[in-house]
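From first to last, the protein sequence lines stand for chains A and B. Our numbering applies: residue 235 is where the first sequence begins, and numbers increase by one. Our numbering applies: residue 235 is where the second sequence begins, and numbers increase by one.
Just so you know, these hints were derived from the structure itself, not from any lab. Take these hints with a grain of salt, some might be off.
Capping the alpha-carbon separation at 20 Å, the derived lysine-lysine pairs in PhoX-like fashion look like this [claimed, not checked]:
no., chain 1, residue 1, chain 2, residue 2
1, B, K688, A, K552
2, B, K688, B, K598
3, B, K544, A, K552
4, B, K577, B, K567
5, B, K598, B, K636
6, A, K267, B, K544
7, A, K636, A, K598
8, A, K504, A, K518
9, A, K552, A, K577
10, A, K544, B, K552
11, B, K636, B, K364
12, B, K267, A, K544
13, A, K577, A, K567
14, A, K567, A, K636
Residue-level listing of the chains:
There are 2 protein chains.
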Amino acid sequence: MDDVFQYIDEHSSLYIDRLLHLLRKETLAIQRKGIAEGAEYVVGLLEDIGAVPKLIPLGETTYVVTHLDGSHNHTIGFYNHFDTQPPERLEAWNSPPFDPIVHDGILYGRGATDNKGNLVARICAIEAYKNVRGHLPINVIFLHDGEEEIGSPNMPTFLDQYGELVDKADGWVWEGGDKNSDEQLEIYLGVNGMLGIELEVVTSQEDLHGSRSAIVPNAAWKLIWALNSLKDSSERILVENFYEQVNPPDPDEMAILNSLPIDPVSIKRKYQITEFAGGQSLAKALERQYLYPYLNISGMVSGYQGDGMKCILPHSAKCKLEFFLAPDQDPEKVFSHVSNHFKDHGFDDIVLNPYTTMPPSRTKPTAGFAQLAMELANEIYENGTVVYPIMPGFNPMGLFTKRFGVPAISLGVGNANSRIHQPNENVRVEDFLLGIKFIAALLERLGQSPQSWK
Amino acid sequence: MDDVFQYIDEHSSLYIDRLLHLLRKETLAIQRKGIAEGAEYVVGLLEDIGAVPKLIPLGETTYVVTHLDGSHNHTIGFYNHFDTQPPERLEAWNSPPFDPIVHDGILYGRGATDNKGNLVARICAIEAYKNVRGHLPINVIFLHDGEEEIGSPNMPTFLDQYGELVDKADGWVWEGGDKNSDEQLEIYLGVNGMLGIELEVVTSQEDLHGSRSAIVPNAAWKLIWALNSLKDSSERILVENFYEQVNPPDPDEMAILNSLPIDPVSIKRKYQITEFAGGQSLAKALERQYLYPYLNISGMVSGYQGDGMKCILPHSAKCKLEFFLAPDQDPEKVFSHVSNHFKDHGFDDIVLNPYTTMPPSRTKPTAGFAQLAMELANEIYENGTVVYPIMPGFNPMGLFTKRFGVPAISLGVGNANSRIHQPNENVRVEDFLLGIKFIAALLERLGQSPQSWK
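Could you put together the complete structure from these sequences and hints?
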């Protein structure tokens, strides 16, 4: 691969310019701002490397799908998104979030890592390989999403209507990832599923004087009792049948988990906490993080929020509940269990409004696609890799792996201080270029190997 | 009393004018607006009837204390306040809240009942009696408070520094009360105590991504578990030793309770509810309302409140908790029980900030002062009376009855639709004038009776 790597080094200014250019576009899905323009720019980038992308407007967003033919029959898919998180808090940025700069080898701007850095790196990798070798070793599909940061709400519809545009991929490289603080590349073999539900309870028509609470039910208390019935203080979820689809981890997955670095002191320092969730050991918490489901509350509100006393009986209470699902759980089934749980426990007045539903994704560490990528990463990244069963969080990966029955992994150009979603997001130029090389080499490795990808 | 009553009827225009005048003053303790001016006007009113009031500025408020001598040695105290609730929501008023009008025999304005209507009625009653009879039958103390609507925060200091100005009262008539929808006068023999505590739990330095909740404790969950440990869904308070000062009601109090009208259907309709608190009968709920303590949440908040999803792990959660205390409970002791409860149950990270502390007040229905007032009210109010062991809520009454060991009752000029604290607050002119007559007659009755007031 020396020829391709040399070409990449010689074209580094061009590649960095492409990234700077894309970072200057404000593409904020949550504000429905600049998405069509972002898609147009991505189309231009792809045309520059000789591809013929399709622009697919859908709902309030736009997808870009691109196919490039290779000399072998395998097809790799790359999923990236060109929308970003909003830049807030603006005053915390040292340089303007949409006027990126390179300083001391680090490129700063909103989206530098998440996800424009990865998006541009992968396109440049394809171009470099093609220009040096005159062909691609395998087929490539690019799928560019314009609303990942708001949960890709149109993706199920996209797959229903345009699924045949992406169903040829035999394996996916998902949006990205970081190096950890030991400079090891982090590789994720899956992602949590997500079930986000807003709970609401309304007990009367309007807020009353607090002294009425002897007689009139209090919405805040109802919500508290209902929530308390869902999870105990050891973090065990108490919903009947909730764990029915939670399978014990494979020996391979346990081996991965047991190989993870565990440093309770530094993690406590990082988050400035005195204990781990559930009052448990870090080992137990990491097991939950990577192998089991867990239940978050991202917000709740009821009644009076101001200073001092306003003695009212709140007539309504709300809560946003987020189930991070384990690899084999089905969000629809979980929703039905939660709904039944409330009915069975006398909380019939809790109204459930699901707002996000994403299936989990799990690729076995033994899958050929993952094996080849991990093997190559250990050759290319000098400090080696750390492999995680899942990326904590949720994204549309599971929609693809579940529907098409193919493997997917996620890795990328970030570093331990890339500050994604935060002010001063950045990517190191060196990591960006190494990421391009890795993707180019991955095409070759996948094209050369006779191994099944599954 | 016909002579005095006739005098009152002849001077009704003057009395209504006095009330209209006072209602034109914006006296909003919560905004620290117009309190000194309100006090000055009350002083003027009292000087008009020949009294020599004392103005006592204290902290950010002003008290007015007035003594009038009578021919017997007993002293009656009247507690009223000249501050009001803010008028919001302004757009819901049919006439300007501080430009009162009389329409169809009803006087509308903020404070018409609570508490300027009662304040003016009582001063006019004293004047009428004195002018007709040339003397007062008993001594009178007026105490006028300027910050009742924010919980009279300076009252304990006032009593410490100026207690001797009010310690001669052998019995107090507290600020007011209403007629119910059957036109019966409601008489309250006491009031709940109050312990308001803000709970706060902080689990980390800042909000994190929701996926960290497998590892980092969630402040919202901590608060939920802590709150759930305080009260079960049958409204039973689970704090250890909480009920130690809750005594079973007297037979007299039970008799009062059993005499209360119970109409579950109309109460459900009034509040538009489908069940009573605790899922219990109205009888049980009323027992709690008038004889037992109960625990309200007036507000709670944590994390993200907006629409849609923002998947965060909230680092803090807050809640305003209000204990409505039964007649013999001591708020300081209850605070210590709650504090111990959290420590004993592993909720050491819950921070408790008490914001309101008021002792309860209980006057036995057999106390002479209450007996004489109830007897007279049954003569004067043609539909009779309903007597309640306590007024649900809290006010400084307990500071007086506890400190001075004297009885206190509360009753007044309101009606079932007086809308206190709400837009279009009002008092019926007829009730205002009857209230003046009742107070005048009460002076005479108390002066004539040889009965002990206790």
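Hints, verified against the model:
1. B:K688 with A:K552: violated, 49 Å
2. B:K688 with B:K598: holds, 8 Å
3. B:K544 with A:K552: Holds, because 15 Å separates the two Cα atoms, which is no more than 20 Å.
4. B:K577 with B:K567: holds, 15 Å
5. B:K598 with B:K636: holds, 13 Å
6. A:K267 with B:K544: Since the Cα atoms of A:K267 and B:K544 sit roughly 18 Å apart, the hinted pair holds (cutoff 20 Å).
7. A:K636 with A:K598: Within the cut-off at roughly 13 Å; holds.
8. A:K504 with A:K518: holds, 18 Å
9. A:K552 with A:K577: holds, 18 Å
10. A:K544 with B:K552: It holds: about 15 Å lies between the C-alpha atoms, which stays within 20 Å.
11. B:K636 with B:K364: Given that 20 Å is the threshold and the Cα spacing comes to 31 Å, the pair is violated.
12. B:K267 with A:K544: Measuring from Cα to Cα gives roughly 18 Å; hence the hint holds.
13. A:K577 with A:K567: holds, 15 Å
14. A:K567 with A:K636: holds, 15 Å
Going through the hint list in order, the structure does not satisfy hints 1 and 11.
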